[in-house]
Amino acid sequence: MRTQRQPALRTTGLRKAFGDHVAVDDVGLTVPAGSFYGLVGPNGAGKTTTLAMAVGLLRPDAGRAEIFGVDVWRSGVEAKSLVGVLPDGNAMPERLTGREVLTYLGLLRGLPPGVVAERAAELLSVLELDSAERALVIEYSTGMRKKIGLAVALLHAPRLLVLDEPFEAVDPVSAATIRTILRRFVTGGGSVIISSHVMALVEQLCDHVAVISGGRVAAAGPLAEVRGGGSLEEAFIELVGARAEVREGLAWLTS
Amino acid sequence: MAHVMIRMRLAVLRHSMRGDRATTLVSGVLVGLLLAVGTIVVAVLWPELLPLTLAGWLTGWIFGPVLSGGGDESLRPEYFAMIPATPRRRAAALLAGAFAGPAPAVTFAALLSLPVHGWRFGPLGLLAGVFAAVLTLVTLVVVSRVVVALLALFVRSRAAAAAAGLVMGSALALCGNGWAPAVALGAGGSLSAGGGPSWVDGLLKALPSGWGVAAVESSWPVALGILAANGAAVALLLSAWAALLSRRVTSVARGGVPARRGRPRPFPLVGGARAVAAKELRAWWRDLVRIQLLSIALSYALVFPLLLVTLDVWIMVPFTGLIAAVMAAGASANMYGTDGTALWLTLMTPGAERADVRGRQLAWLLVVGPPAVLLSLVGTAVSGQGWAWPWVLGLLPAVLGGAAGLIVLVAVTSLVPGTDPHKRGGNPLSTGADEGAETGLMWLMLVAVPATALPVAGAILLQPWAGLPVGLAGGALSAWGLGRLAHLKLASAGPELLNLMKHGPAPTPTRYQGRLATSDLPFKHRAAVTFCYSVAWLPLFPQGLVPMAFKIIGVRDPVWFLALHLPEVWQWPTIAFMIALGLLLYGYAVMIPLRLNSAS
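Quick mapping for you: the protein sequence lines, in order, are chains A and B.
According to my numbering, the first sequence is numbered sequentially starting from 1.
According to my numbering, the second sequence is numbered sequentially starting from 256.
Do not take every clue at face value.
Claimed, not checked - Here are the simulated lysine to aspartate or glutamate pairs, EDC-like style, with alpha carbons at most 20 Å apart:
{"id": "1", "chain 1": "B", "residue 1": "806", "chain 2": "B", "residue 2": "567"}
{"id": "2", "chain 1": "B", "residue 1": "678", "chain 2": "A", "residue 2": "165"}
{"id": "3", "chain 1": "B", "residue 1": "460", "chain 2": "B", "residue 2": "303"}
{"id": "4", "chain 1": "B", "residue 1": "678", "chain 2": "B", "residue 2": "333"}
{"id": "5", "chain 1": "B", "residue 1": "678", "chain 2": "A", "residue 2": "88"}
{"id": "6", "chain 1": "B", "residue 1": "678", "chain 2": "A", "residue 2": "168"}
{"id": "7", "chain 1": "B", "residue 1": "678", "chain 2": "A", "residue 2": "139"}
Bear in mind the hints are in silico, worked out from the structure with no lab data behind them.
Just chain B, same shape as in the assembly:
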């Protein structure tokens, strides 16, 4: 059964190697291999950092599927529910199928760092490393599947969705700023200098990703014990997954709808955009996936600055609301794609395109606006950073307006088609959309939304209180102007968007204008654009903006920021270079489709 699953999965993969998916896949594999090589380099040069690096891969396997739509669903367990085999056997076969793909292969390349590390300890270490690499790969994949299955099964109420979002948002924030409490607790300098306090080291090795390193570094009887324990853990997880899968296929797929009591309140008797907003607000309130994504955005925004407070650094706290707005925009970027072919109703209602776009903007502002404003006001007041008031009050309306404009514009210009909501399987988290492309949209929003607020930043630098009027005017202009572009596009290319969602990307370029930006590009440009989106954040944020903030605040720990490891004279130029490089990559990714589109 297992080899049939593997062949099926490979067949699905082969058929999806067309158009956008092929591009995303190729660029994804390239970026992954780059990271894998980086991991092996870590094993050679800084072996004490290997557990931390592998913990990064574990994080990817756990959070990747959750954030990008529920993990791979090309082989749904529902398809095999009637095959006469025990749940355990079915789960094992599905797991085997899960290995037939690029992600496990790339991860295995990264895990080759274990035998490389083991070579230090002689032939036995090498051998232990090889076994540990295989076992760790299985562990990562099965942990990922169990987490997704748990979420799909137990996130069935609003409270559970919000709680799951809270955990994930906090964990994500920890991935970004987790070093701060570690430094506060006395691990300062240790991670970069090597061999820090034993508790950090112990914690990283206790994670499933660290067992391999522990085995490699131990004497052979202990190593054997660790590997055996790892095998037992895999067997245990597999049983758990089998149980979860059989619950999934025998329970009704409720489409991520929370339980309700009583009749719903009557639909408000308003027309046009306000009717659409009323519909959208109900969708926000009745869709567990939306609630969970919103909870991730808000909890990330809250926890990320608070982690710095452990070092008594309050500089980020006033900007909590802004981070929340940007994150929420990132989570709402594929609005039309997730609604699927329901677009036909907008197209068949005379003149409804404008109302649809404006209503969605209004609903988004009503959902995200109040918490963003509240977090901003409270955050600035509590932080005691008086200088921040003009910045917060000026940037907030600009960012909210820019986000409200961009979410609808990006949703119609870069729509990523998924599976219609009523045809999805037992995993309510999965939209069936191309995960890579959806994640690309999210990154695009994380960059583009702050960019709409740049004029305000300029105004504030010139005259602090000029920010408020400029921010209000800029926000209103973005929301109005970008929204207008969106509904004009929807009116002119609505049938093409509907067709894209019904049948996927066209096998050959159609002759109609105004179709999708990236899917019409020649392959090499598409690959380049996706590659840029995937790597541009690296120079811009962690290697550019974060070390810049470090230098301004005066944090001495260079962590893994290249600039801070260099001599003082080179630090600012390096930071500037990194920021410029990041912006250049993003600029290329945004401009190329626009230029080629207008040229055609």
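If we strip away everything but chain A, and leave its shape as in the complex, we get:
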């Protein structure tokens, strides 16, 4: 039953093991509707795996994921029409130009041709991809790939955006544009969940945050609650545990 009161995304008891390695263990997250949610954690903490299971790209060993109350793994078609996704590092239809990718995916989703053409043009120009009109996606730089991925996620005007490292490798000007787009999206009633390593960025953008470490949720809730009195970075290091040996090692570098 989807109502505005349902959380935009709720996962309960998500678990995934690759062989003997448990990547995600009993992860429960609640992303309130209308929130800007940050997911932070060290490398290999299980952020990408969690997000992939939450949107239906990786089948969990156990647990559930719901988007606005719709079960992702039971009513996939309905859930997928509500969400726009930017996964980290996946391939695209590599031999299409940016405009062709957007046109193709819009048509495949059944949007009217006029709407597709209009939205594709606007997304390309806002994200400054229209200057590379002739380049195929396979020839794009890493930052351009992020931007076309974001355009794909926005194309069908979803109610929830799930973005894995959306600012990685993106130049500062484009990053500012993306921040503006996402803020406007949330102001307009949309919900966003992003994963990131950059604490300052999460602090600046998000109103809710979850810290994942070693495949488990170390802390989650409104930003002010999680960071307490200090900065998010301090809270993060405290939760995840700092490593001191760097201060002593690598002596040969300075000798």
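Let chain A serve as the given structure and place chain B on it in line with the hints.
Quick look at chain B alone, frame taken from chain A:
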């Protein structure tokens, strides 16, 4: 530096000795050793055939990497671009790394035929044989690397890709039917009887694979000269390779995209399967590897029957289009694997699985259908084989429909994961997939596609013109039914396929059903299945169907077909036995995964 490369390559090999790769590797080595023993037997029993046999190994080293995805890329030259050493030194080290693997070891076993052959000429011959074996091995490996590097660097336009495909397709056809023009030119009977006309012999010894034999058979000063010349040739090739490598690592990897002019035509405003077909057609037109594979399929189909025409045998010409369709299906078998993780978009678009499968089928038919139909009509008309019309018109729709169904079904049920297109190195030919497994898929298509047309053949035998309706109905049914199975599988196991491409085969069997056929099998069954795929063609085609065709057409030359060397009474039973054996092996390879899968 060289020993570091060798150790790195061995480490990569050790880590890939898991799951499917281990199986393919083990079965590959077994088949290779079998062939190596065969080569040594040739050196003992029929020494005059040794240059021809070694030419076969040269062909393998040249065409193997090209057809199965660009050769081994576990040590990419890009990794070492920043190591401060001259290009030549880097190339030499990479070449040393290239020897640390099963293929050179197996080839060296085969090259031991040279000292074996040399033993006939005394201790000096033996010594020359040992040196020649080492030098020939180096030559084969370096020739293979240079050919792949040349293709990777110079196949940068559609015309170049088509031309390269034409050369390779023709060469492959020559490997199969090259005896025909040789017989026509008067070499008839010579290859099997021994000591044929000197030009054939001379040609085979002039190939890099034949230098060793020439050295062994010469007096020692000449032998020394030949070996020295061989060494010089290796040095020359190595320099060429070094130059090609430094061009590769300093030029932009363009991902096998041809140069373009102007804006692309606007994307057609259609939905569903037709939108996917439009995307796929653009991929066919903008991917040099696809263009090259298609060109190989078409040129093989064209040249293979035409070689028989040199003997005034026109029987194969009407079937040119059918051969083209089957070959093109073989080249398209790993469709989802080569696209990599782009599958996520299909999975995230509600209900797009069906459109994706149907669109790919439609695009394949639009690309392969018209040339196959054209070749069939023109071939049958030109050949003057009137009896062939019902066969061609009945089989063609059945084969095209069967292929359109099988390419998508095999692509989702036996997906071979590779490297994502945007993460591949400077070798656009390489998909990073397990070459053995990819080649296995190709063989599977070459057998399975004709099998879908068997009912039509039965109908034609009963009533010639019943073939056309049966063929049309059968083709439509195969394309629809197998395509339906494919999109149902894609919808139910899509995330598992995506995960397979992202992370490779699971380290331990997962508990989900509907996962990949072969990777879930116990090791010994997997080894058996791969072994069957690798050897089944041998009894079925060269020892079964080809001698059968020979007997029907009335060619007397027994070449290397066992049946034709036997007394007349035993010839047909032997042919039947060989065909049955081949079918049995293929049947086993196909059935075992299905049975074990449904039992689990």
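Hints, verified against the model:
no., hint, result
1, B/806 with B/567, "16 Å, holds"
2, B/678 with A/165, "18 Å, holds"
3, B/460 with B/303, "11 Å, holds"
4, B/678 with B/333, "12 Å, holds"
5, B/678 with A/88, "13 Å, holds"
6, B/678 with A/168, "17 Å, holds"
7, B/678 with A/139, "11 Å, holds"
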